[in-house]
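With the hints as extra help, turn the sequences into a complete structure.
Same order as they appear, the protein sequences are chains E and V. In terms of my numbering, the first sequence is residues 1 to 120. In terms of my numbering, the second sequence is residues 1 to 694.
Treat the hints with caution; some may be incorrect.
With a Cα cut of at most 16 Å, we get these calculated EDC-like pairs of lysine to aspartate or glutamate [as the list claims (entries may be wrong)]:
id, chain 1, residue 1, chain 2, residue 2
1, E, 90, V, 223
2, E, 116, V, 4
3, E, 74, V, 201
4, E, 89, V, 226
5, E, 89, V, 74
6, E, 90, V, 307
7, E, 113, V, 176
8, V, 464, V, 504
9, E, 117, V, 176
10, E, 74, V, 463
11, V, 484, V, 463
12, E, 22, V, 4
13, E, 117, V, 223
These aren't lab readings, by the way, just hints derived from the structure by calculation.
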Amino acid sequence: MSVVLAVDDSASMRQMVSFTLKTAGFEVIEAVDGVDALAKAKGKQVDLVVSDVNMPNMDGIQLISELRSLPQYKFTPMLMLTTESGGDKKTAGKAAGATGWIVKPFNPDQLVKTVKKVLG
Amino acid sequence: MSIDMEQFHQVFFEESLEGLDVMESSLMELQEGKVDAEVVNSIFRAAHSIKGGSATFGFAAVAEFTHVLETLLDEVRQETRQITAEIIDLLLQSVDCLRDQMSALEQGESADSAQSHELKQSFQKILDADDSDAGSVKPDQGVDSNSESSPGWSIFFKPEIEIVQSGNEPLRMFRELALLGKLETTVHMDALPSFAALEPENCYLYWDLKLFGIDISEAQIKEVFEWVEDEAEIRIESLDAESTAADEAIDSAEGMGASQLSEVAQEEGNNASVTEISKTNSFAKRESASIRVGIDKVDELINTVGELVITQSMLSAVGEDFQMDQLARLQHGLNQLAQNTRELQESVMRIRMLPISFSFNRYPRMIRDLGKQLDKKVELVMVGEQTELDKTVLEKIGDPLTHLVRNSMDHGIESPEERIAAGKSETGIITLKASHQGGNIVIEIIDDGKGLDREKILEKAIEKGLQQRGDHLTDEQIYQLILKAGFSTAEQVSDVSGRGVGMDVVRRNIQELGGSINIDSQQGQGSTITIRLPLTLAILDGQLARVSDQIFVFPLVSIIESLELQGIEVRKAAGGCDLIKLREEYIPVVYLSEVFGISSQPTSLENSLLVVVESNNEKIGVVIDDLLSQQQIVIKSLEENYQKVEGISGATILGDGRVALIADIGELIKLSGATHLNKMEAGSTTFPADPQAA
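The structure is reproduced here in structure tokens:
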């Protein structure tokens, strides 16, 4: 079973992502911000990171760049959850090593479709 | 897959309200001129999260409103816009507006409000003043214009060599394309270096692809390559060259817009049915249905339950084949059980405990608004915001506290001119302080204003008939007068406070919570109002006392001392009231058996005990027959199970199954006066003949 790390400081969004992916058969680890996510990703190898961008302590872009610099996450897909107004965020995320993004608002079906696409 | 989005709504509302609190307090900091990147960021994040969540959960009105807010905040964050007092004002109004919107949504009503439209326009005006392209929340309406059919597409795809290091696999994209139609791939390997120079982590290949199918739009193809468009050379051409020009007009972003739009519509559809359902649910139930508990508290609870299980198995081992010589072990086990029970109880209670900051957090804003309204400069200092108390107590203390803080602002703190004239700093200080003292939480509202005017209060009290002229009163007793109904000394009744009903209601509310209120004041120096509240309403530490064959419980917190009556002179005072002199102080005496009409063999006074209790700074001595144990009492409502009885606040069931009544000290004090005045009329009380029957 593929393991997804879902990172969002908003509990409702995190629960939505987590519940949706679990329902779709993935194992999900939740993290509340970049710092939390980094620690959890180091503790257990995950197959995909789905992260919000705007978060306290460490934002999604820094998280991706930190993870990307670790050998075990060099090729791991990492998706950003971003709003439609986040054009420069997409660029910054890509520069940090993000695989792609999911545009907010999204619905559960879209999320699962994108995650399945990335995990193959 | 169908996921019921409504299950996340409650969490969304809760976190949004928390976010709004953060936004409000951060705005207050900005107000004070502390423009700090982290503060601005936290405001932005709050707005951003609410926007993201509301859009996801289908609350379009909130999403639209917060979008404008977010746009403006983003400019502030990027330092392309200066934050002004006007913007802060508007943002604070938006916080209120969003709170209203949240509560409307929670109740299944529409969040569309006139206020939000007005505010949105104000923000839009500010945004438009600088640039004309301020956005609206709806994505551009893209039209999926693949009405013209094309036999297929030719795609040239040459990724940068590091593409897989961003987690993008060309193979995945090809797989996706293959889902759209029939895919033919031609791989070019001329960029491959010699084996020695080959870096296995790089991608040296590029492709010519042909995708056949008449229903495929260019936007669909662009979507596949969306994430890598900046990391690859991509050329998409229609196999039927003529239709190319028309399709080039479609930008991939527009394509996304179109798909989003349909999903927003779908969401809104979902939401309509959700609203329908929640309307039938009782909202009130939902409100108290959830409480957020720190994981440490839950862990502690689990831990305690674990201990309990161990004790239980130990006890059952003892009980299986019990011999008298195991008595010591049995007792040890029972002791342990008692301790476990107590710990379990404490852990469970702690789950209901919330920091008082939930209540305190509204005051910075209130002080700011009131300060403006009253033309006063006031600084708010908060101490001990992390002090925890029961959720119910917390909810009920909000209004009285608000009233007291308003009072301090209105009546306590002077105008800047008066303050300067009095040799004080022109900014007044109001301190809110919370702390634990024994089984109580103590909240103090301290101001450095003009203090209470002893003479004026007395004058007013006499004028209102609350007090007789010539009575000798201590300062404390005089200050307590302002807590009486119909008392107000404000020369002008203001909007802010004081119609003379407030303080009375405050006192009553606090008493209903089993608490007390005390006022201390120094003229010219300020006032301190101290509120004492029990940590919880469900359990109290009680002293059991026997009167004839009945057992009463006195809340331990209200007992000052207990003494034998032997050798103490009981004096008859005017009005039929008995008094004792205790350390230079006269205290009225109440005979519990009389108050509750318990027919008993009159125990001679010498053998009786006197429990001195206090409520609201008034003391009485209660005569009882005997003192029994002290123990924790689980309070059961007498009103729910029987009826309201004067002088009794509730009941409890003792270990032996008997019902004991809990004395309401405040009412006993009141009642004592009444009973003594009607001493001659026997049986005037409403005490149930047999409480066990209740």
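Now for the hints, and whether the structure bears them out:
1. E:90 / V:223: holds, 15 Å
2. E:116 / V:4: Distance of about 20 Å is beyond 16 Å: violated.
3. E:74 / V:201: holds, 9 Å
4. E:89 / V:226: Since the Cα atoms of residue 89 (chain E) and residue 226 (chain V) sit roughly 15 Å apart, the hinted pair holds (cutoff 16 Å).
5. E:89 / V:74: Status holds; Cα separation ~12 Å.
6. E:90 / V:307: violated, 52 Å
7. E:113 / V:176: The given pair, whose Cα atoms are some 11 Å apart, holds under the 16 Å limit.
8. V:464 / V:504: Holds, because 14 Å separates the two Cα atoms, which is no more than 16 Å.
9. E:117 / V:176: holds, 8 Å
10. E:74 / V:463: violated, 83 Å
11. V:484 / V:463: holds, 13 Å
12. E:22 / V:4: holds, 14 Å
13. E:117 / V:223: Distance of about 12 Å is within 16 Å: holds.
The structure is inconsistent with the numbered hints 2, 6 and 10, although it conforms to all the rest.
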